[in-house]
Amino acid sequence: MNKKIGGFNTGLIIRNTGIVLLLILLVVALFSKRIFITIKPGEAGVLYNIFTGTDMSRTYGEGLHLISPVNTMIVYNVRTHKINFDQYLLSANGLTIHVLHSVLYKPDVRLLPSLHQKIGPGYEQLIVDPNVKSMMRKEIAGLTPEEIYMVDRGVVEKNNKDNLSKILAKDQILIEGYYITSIALPDSVNKAIESVYRQQQLNEEYDYRLAVEDKERTRKGIEAQGLREFSSVSKISPLLWKALDVTQKIGTSPNSKLIFMGSGTRGLPILLSDQMAAGQDTTAQRRPVIIP
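Going by the working numbering, the first residue of the sequence shown is number 44, and it counts up by one from there.
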C-alpha cells in the first residue's frame with residue numbers, strides 16, 4: 044500500500060529511485076572498462092575528451108583513474124625500448140657493407156600529450172625506425188672501405204647518439220643509447236686491406252730498425268772520436284786503454300787469478316787462472332789467456 048507523505052507517493056519514489064540506481068549500476072557495469080582506467084608501472088596515459096580534444100595540461104601516471112565513458116584514455120609504455128637493425132648499405136665506392144646496430148629510446152613523459160597529438164602510438168615505426176636507418180645509410184655512404192675498416196666505433200656511436208637526440212627531440216622522443224654490433228666488409232676487401240696494413244707495419248718496423256742502427260752508428264762515431272781525443276792527450280793507444288779497462292774489471296771480480304802486466308807502453312796484460320798458478324798439468328790450464 045502506497046503511503047502519501049506531504050502529497051508525495053513514497054512507494055512510487057522508492058520504486059523510481061531503485062530503477063535509476065539500477066540503470067546507473069547497469070551503465071557502470073557495461074562501461075566499467077571505459078570508466079575505471081588502471082595505469083600500470085612503466086606506463087602513462089593521455090586523455091582524449093570528446094568535446095575538447097586531447098588534454099594537453101597533464102600526463103596521467105600510475106594508478107586508478109575515473110573518467111567519463113565518452114572520453115578515451117590512451118595508455119603508452121614509457122619504459123626504455125630497443126630496436127635492432129640489420130642493414131646492407133653501400134659505401135662511398137659502391138661496395139656492400141653489412142651493418143648490425145641498435146638504438147635505445149623512450150617517449151618523453153612530460154611531453155606525452157604532444158607526442159600523442161602529433162604522431163600517436165605508432166611513433167616507433169613512423170619516426171624512430173626511418174631516422175635511424177637513414178642516418179646509418181648516410182654515415183656509410185660517406186666512407187671508403189679503408190675508412191670503415193679503421194673507424195673508431197666508440198666515436199661513431201657517440202656522434203650518432205647525439206645526432207639522433209637532436210633530430211628526435213622535436214618529436215618528444217629521448218635517445219638513451221646507440222650501439223654498433225658489427226660492421227662487416229666483403230671477405231676479399233678485408234683480406235686486401237689486412238695485407239696492405241700488414242705491409243705498412245713491416246715497413247714501419249724496417250724504418251724503426253734503420254733508425255736504431257743509424258743512432259748506434261752515431262753513438263759509435265762519438266765514442267771513436269772520444270777515444271781518439273783521449274789517445275792524443277794521454278799518448279795511450281785505444282787498444283791498450285781497452286785492455287787496461289778489461290783488466291781492471293777482471294781484477295775486481297771475486298775469483299782468484301794472476302795478471303802479468305806487459306813491459307813498456309805497448310805491453311799487454313796476461314791473465315792466468317788460479318789452477319795454472321798451482322801448476323796443474325792440463326792443456327787447457329797451461330794455456331794463458333791474453334786480453335786484447
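Honestly, I wouldn't trust all of these hints.
With a Cα cut of at most 25 Å, we get these calculated DSS-like pairs of lysine-lysine [to be verified]:
no., residue 1, residue 2
1, Lys125, Lys201
2, Lys201, Lys161
3, Lys83, Lys176
4, Lys234, Lys209
5, Lys181, Lys213
6, Lys149, Lys204
7, Lys83, Lys181
8, Lys149, Lys213
9, Lys76, Lys125
10, Lys176, Lys161
11, Lys125, Lys149
12, Lys125, Lys258
13, Lys213, Lys263
14, Lys234, Lys161
15, Lys181, Lys149
16, Lys125, Lys263
17, Lys149, Lys234
18, Lys176, Lys125
19, Lys181, Lys125
20, Lys204, Lys234
21, Lys201, Lys234
22, Lys149, Lys176
23, Lys176, Lys201
24, Lys209, Lys285
25, Lys234, Lys285
26, Lys161, Lys149
27, Lys181, Lys209
28, Lys263, Lys234
29, Lys234, Lys213
30, Lys204, Lys125
31, Lys292, Lys263
32, Lys201, Lys213
Computed beta-carbon distance windows for the label pairs [said to hold, decoys possible]:
no., residue 1, residue 2, range
33, Leu68, Glu167, 52 to 58 Å
34, Gln244, Leu147, 35 to 41 Å
35, Arg101, Ile62, 18 to 24 Å
36, Pro281, Ala235, 37 to 43 Å
37, Gln168, Ile62, 33 to 39 Å
38, Val113, Glu190, 58 to 64 Å
No wet-lab data here; the hints were simulated from the structure.
Each residue gets a CB set at the ideal place from its N, CA and C atoms; glycine is no exception.
*Violated constraints from the hint list, given by number and in increasing order*: Those not satisfied are hints 2, 3, 4, 7, 9, 12, 13, 14, 16, 17, 20, 21, 24, 25, 28, 29, 33, 35, 36, 37.
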